[in-house]
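Protein chains in written order, with this note's numbering: chain S, 104 to 1042; chain U, 1100 to 1246.
Since the hints were derived computationally from the structure, they do not count as laboratory data.
This one's a predicted model, so the numbers in the text were calculated from it and none came from an experiment.
All the given hints hold, so there is nothing to weed out.
Using 20 Å as the maximum straight-line C-alpha spacing, the simulated DMTMM-like pairs for lysine to aspartate or glutamate come out as follows:
#1 S:Lys145 - U:Glu1167
#2 S:Lys713 - S:Asp688
#3 S:Lys698 - S:Glu739
#4 S:Lys145 - U:Glu1151
#5 S:Lys453 - U:Asp1141
#6 S:Lys145 - U:Glu1159
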Amino acid sequence: MSRRDDRRTKIETAFGEFQRAVSAALGSVAREHRLLATEHAKDMFEFTVRGMGVDRALQDVALKNVTSFLTVDEKRQKNPRQAPLSMAEFAERLDQIKYDWQQSFHEWTTTGPEQLTELVNSVAAGPASLPHGSWLGHPGTHDGSEGVPELWRIGTGVVTSAPTPVPFPVAVPLLDQAHLHISSTPDTRHVADSLVESLLLRVLSHFQPGLVHVHVWDVGQLTGSLPGLYPLTRANLLTVHDPARLHELLDEMSEHIRQVHTKVLVDGHLTVRAVSGEGRRTEPWRIAVLFGNRKALKEDQQQQLQRVARNGLACGVQLFIVDIPITINSPVETVSLRGDGTAFCTMTGKDVTVTLDEALPRTLVPRACAAIAEKREERRSRMSTFGDLLPDRPWTENSSAGVIAPVGFDDGEQVCVQLGDTSPHALIGGPSGSGKTNFLYAMLGSLCARYSPNELELYLLDFKEGVSFAQFAPGRKDPSWLPHARLVGVNVNTDREFGVALLRFLSDEMRRRADAAKQHEVTKLEHLRAEDPGGRWPRIVAVIDEFQYLFGERDQVTAAATQLLEDVARRGRSQGIHLVLSSQDVSGIEGFWGKSAIFEQFTVRIALPKARRVLAEPQNDAAVELPRWHAVINHESGVKPGNEICRVPDSTAKGTMDFLQTELWRREPGRAPGLFDGSKIPLIDATQDFLDLRPGEASPTVLLGQVIDVAGSAARVRFARTPGRNIAVIGSVVQDAAAVLGGAAASLGRQHHPHEARFSLACLVEEAMPSALYLAKRLSADGHDAEVVQIDGLRRLLDETAAQLQSINTGQADAPMQPHYLVLYGVDAAQTLLEQKDPATRMSGVDSLRTVLKHGPENRTHVLGWWRGVQRLKASLPPGVYDDIGAWVAFDVQGKELLSLGPEQVMSWSPRPRRGLFFDRFEHSRPQVIIPFDTGEAS
Amino acid sequence: MNPMMTTMFESVPSQRQSEEVIEVPAISAVERYKEIIAIATDAAARQRKLDEVRCAELAERIAATQHEIAEVRDRERVVRMGAALHWEAAVEQLWDERWLQMVTFPQPDESVPPRPQGEYNRVMDLAYQALEDSLAKRTLLRRKQKD
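One chain only, chain U, in its complex shape (with noise of 0.2 Å):
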């Protein structure tokens, strides 16, 4: 028995003895190594999944996108028709009125608010029906003269 040990109790646990050697599954530096580069390859494999599920999100917006631009594509060259049928009727009506300084068909306004297209269509016909009006007497007067 341990001469300095003087109850039958060890407050402390048995301490290692020099000569013996703990089992500690030592990990080499070639798996330390491995397990480092592993961070970089784990955040390349989390990215590209990060990036899948967004091309997918994205694949279906684009094509969904796609549809609404041939839509509004349509529509604007139904709205050119129309401006230029209305611009060229007003053309052929300011004919006569010589003294007008006849200008060049408008610019899209892309500054105007934002509202439905249908509104400023009708604007636009209004507006027409108005500079027809405005021509309205002389043309009466000239109608009755043809007639």
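So here's chain S without its partners, still in its complex pose (with noise of 0.2 Å):
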């Protein structure tokens, strides 16, 4: 090789060297600058992604489009270096705040969309929540008994913001719990006016048509909002009111509150749902959708509105509000509208987007709702029945806070009559064939079927034979009776007593539940039945038809029957104790209305067709145009405000009533009721006073008829071995007179073994010897020695007994130990007989009588003797002391005859069939009515 080939290799080496020395030079302090570059570049990003939210960021533009490069050298503009800048370099970034995301959603996503579905499918079923195909066009069948559904679903939501955005439903809820607030944009008012519709239309075809009633008010248009819905004008179910007039939609709505507030809402309940409870809906929801333009309503109708809103949902006023600007203090849920159609709302919150639900289709709209008014009105048109007055299952409802029950019809809608705190007692008037039976059947059967005997007595009377509860006691062709039925008294007639009798028991059953309530330290029944789980503490209903009976005359049984009713009727009200009464022509009872502590109680009134004065007349005459079986229930003491017309079904037909006590018998019988019917005459054999006598009693009792009392126990008076104990009946009708004696003799021989009593019968008048015989008949059969005398035999009798007295009272013979009972028929028919002396002795035979009398009870000896008149028991008596008759019976005696031997309330006694007058001087204050056996005698 040459030295300058040498050299030249040298130079080569050299420079290449160099050159690479420069590429290393320059790589190295690039690449450190470009790395430091691209960590600030995915720091940016990162910065960037999640400051402006990674949900939001993913779906950036500007951030899908970046730059695929990063300006390394931005001085060399012509030819910058370049470093690669593509998504995929952040991928490790991204993953880490994917990661991130994910773990903060976790929860939601795996549970959130899942358990909001269950949710609503669980709370909002049917038209509540299904896609309309479903149900559009079928009219509701949901009465309410089965709850209100608590969602209504209105479009599907996503969770912007989560990793994988599932849909769920979205649902408000409304009736009774919330009012819905809509606010829409310009350009999404149509999708505002879809939503309400598709809401009214899942509400309508959810409840049975009736049960929700629609208003409309549009600030901007007459017509036109929701013209979809305007076939159920028809059926009344959608009133539209005038732009203008928004006040009347207002007032009217006011109204409603008020008077569910004042009807429906008593006694402590706070929500028509509350009262309805399981069953029903009583009261319909009303709905009012109120359109606006975005602004503010004028002061008086924004406050109006607010009241509304505030004490609506309680009574079943729901309120959409269309972009109105208003605070509301009540619950609320509110859709507000964007300007792309999507919403958000308050059940969802911020981090939701809902898209609302598809309008539903234009045509099927008006279609659905025709369907839901023609059903309307199929219902309303259709003529209810006694069977629809009755709940599905029987004796469900509790009595706590009162009963209430439907007794009718309007529109279709149950009408009900209510007695609790606040409307204790009730009035019905009707004239005859108005149909007071009628609806006094169709009132106790809803509530007999609704209430169990547990929870509601029933005491039912009726003075005239109009109204026969008969058929709520056993009887002979039907042996069913109706369990509530606790006392039926039919046929009072003139038995005015057993009104006072039926006052007097409530008073003494009020007095007994004061007393228990005391106990507890409580006031009212409600509170007392809640202190007292394990109590029976029914609510007693007492049906008084026909009266106005009990205040038929000036005297004592209408001065008790006035102040029993003052009491019940004042202090009933927290006992639990309800009065019903009834009457054919209520204007004129003195009794009544002239005490406003009685009539103030009665705050139900109802009227059948031509009923006077049972409404607030003459500026609520109601009454006088109510067609035939139609009746005015009012809760407001006849005020018209509170008028509630209805169609009462028939409820005496077969297969009604009837139908339902067997019904409810076979259920649970019971114990049957008492009955008490006063064209009836109690037969001795049957009565439990007399079954209960025994032999062994050392004073023996006497039963001489039945005293006219709820009980329905005997008169009787014991015979002690006392002064007096004798016994009077006064009166001209032997057949009365024979049942007395009889009655009292037999009870008599039940309280002796055989032999042990003599019974002498003496029988002085010949119609009376019949009536001698059998007695004697019966008092043989038993065993006892019974004899019977006539006239002639008398005198024999009452001296030898009188003789016999006389030798015990002079110490001459022993107290004679046998028991001996003169039953005397006729006594003052031998009285010219009994007043001829014994020559021998100078004694008469009435002086022998007045020493049996006198000396005959305190040695077993009584007598139970008939006098035909008061001035002849008077002749056998010595003059002027009357005391040896202790108790006598009279029966067609003037009561002023009977002073001399009673106290002063005799007076104002008057004889009537069938009905004898009982006063025992040494037991009694006043004397008691009573009604005389019958001893078998006849049959």
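If you follow the hints, you should be able to join the two separate chains into one complex; please do so.
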């Protein structure tokens, strides 16, 4: 190799080294710069993504089209050095961001949408949430007894900030729960309209037609809002209000709320829903839809709307407020539409974007509304029957707070009568033929089907044969009875004492309850029941038909009745005792209207056609034009706004009340009710008090007849061994006298063993002979010694008995241990005979009789005598001294004649068939009316 | 007393009567719905908080990196300048070597192992020195001729 070549090689090598060294120096610094720049870019990227929110960043167009390179040397404008920069470069950062994101939303993503779907499906069944295909066009069937759907679907939501946007149903609470406020933009008003329409159709298609009434007001137009709903106007389910008359709509709603408060929300209930409980909804919902123009209402209207909103929900008033700026002080959900047609709402919050459901098909909505209207018309025109008054399942209601029962129908809707603390008693008026019986049957049937006998007891009394409650007691043809009835009084007629007895019974029961309540330190039945859950405290409803008879005369019965009625009327309310008084004509009943303390308590007024004065006349003349089979039910003491007119279904036809009674009786008959039938004479052998008599009593009890009381107990006289224990029957009719004497002797016979007592029957008037013989036969059959003497044997009987008594009194003989009863029929017929004196002793038969009367009782010798007049009785007694007759029963004798024998109350007695006035001077302060027994003689 | 009860003591606590209703504060569907929605709302809030914290961190780092970038940029400029000067000097000196095939300015080689920049700079200086040395004789002669 030449020197020159050698040099060249050296230069080439050195130059190559130099080039590599330059490349390396440049490369090293460039790489450092690039790496820093890349890291910086990544940080910027993450900063941007997290700063704007990963969800939005991923949607962001700018980020998607992010520049694919990074200018490292910005100074080299012409040929910039570029570093590659794609999304892939940032994958790692993005993955970390996404991981964080998924972790944050893990619980939501895995459970949220699914849970919401399940929840909505479970509480919003049927039309409340399903797509319209399955329900639109089919009128609803729910009556509210299954509750109200808690949510109503409006659309689909997604959580936009979630990593996986899973859609879920969006629903809002409505009826009874929250109002709805919708705000839209000018472009999306039609979406708001569709939302309102869909929700209304969902609600209307869920419930039975008639349970939801819609009111529409649109500030902008008279017609045109919600056109699809117009067919509903035909059935009065839609009311469209004039744009200029918002106040009318608000007034109507306010009035409705007021009415619900006074009529429905009583007894401490706060909402209509609480009143209806699990039963059928009694009060329809009213949905008021208000379309505004995004401007505030006038100040007064604003305030009124706020009042309606505040009080409406509890009373079934629901507001849909569209584009009216207003704040409401009650639960409200808001749906705000955005310009793009999506929405956000208070149910879901700001993180959820709601896509509202598609509008319902335009052609189907009017058709569906027409179907609802038609169904409503059909229901309205249908003849609602007795069966429609009854609940699906009997005896499910609780009477703690009161009793309520439908009695008729108004436009297919049930109209109820309510008895409780605020409407304690009812007054029913209706002339004969106006359907009073029918109404009472409907009311009683409806009540009895709802409340079990442990919740409700009935005391039923009819004075006239006008209404018969006899059906409710066991009869010969129909052995069943109404299990709720504790007492049935029929044909009471002139036995007004029975009405008084019932009132007295109620008054005593009221006191008993008040005492029990006091022990539990409460005042009301409702609270007593809460304090004493084991006790049996049913509400008592006492129905007295033709109650005016109670006040028929100016006597003690009327006075007692008035006093007791006032007592029960005033204080019965809190003890769960309710009176239902009915009459053909209540207008002239002084005992009722004369005392404001009484009639003011009768806040429930029921007027049948042509009834007078039941309602607050003359302002309220609703009863005058009332058609047949209809009634005005008024819970506000008869003032006009309280009127509810209803048609009362036929409840007396075969297969109605009688069928219900048999059904209930089969279910649980309980104890048969006590029956008082004024037209029947009680049979002594069927009387419990008679059957209870046994031998062995030191002082036997004499039963004279049946007292007019609730228990149907017997009138009794104790034959103690004391002076005066003789009984006189005064009257001219043999039948009455024989019944009393027969019953008395038979009851005595029952209390002695065979041959223990001696019965001497003296028949001094011929007509009485059969009775005497019958009695003798009856006594003999029981094994007693019973002799019958006629007028010729009387003198000897009396003289002998008197002589025996004399000998005991003078100590010549021991006291006779054998009881001796002298039953004398028509003593006065033998007066002349008895007045004859014995020539030897100078004693008359009258003297002997007086001796027997005077000294007999203490020696177990008692006289049961019949005199045919007061004067005739007095003739048998020592002048002016009548106390040897301790007890007496008077029949056809005027009261004033009896004054010398009893207290002054006897003055008011006037004779009536088959009734006697009984007084025992040793036991009574006032006389009692009794019904003599049927001793079986007639049969 | 309950006729079924045989002892004074009940082995089982008294059971609920059918009529009694236990007062459970039932949660309404609306409340339940909002509870479930709250899961999402909470998640979103949590995510936002997380992002905020991270963004604050990033903001600090970005500021720091920007500073470093400015430094490295200056450094790069200096290196480039030095390289360019060396290169120009080399080209000038090689001008007379007609036989030598000239090449363009070298491209940066980023594949070099990471070492402090100073080392590379020094290597570059030394390489230039070596190149200069390889040309020295002639240069010396020339210088002599000039002198």
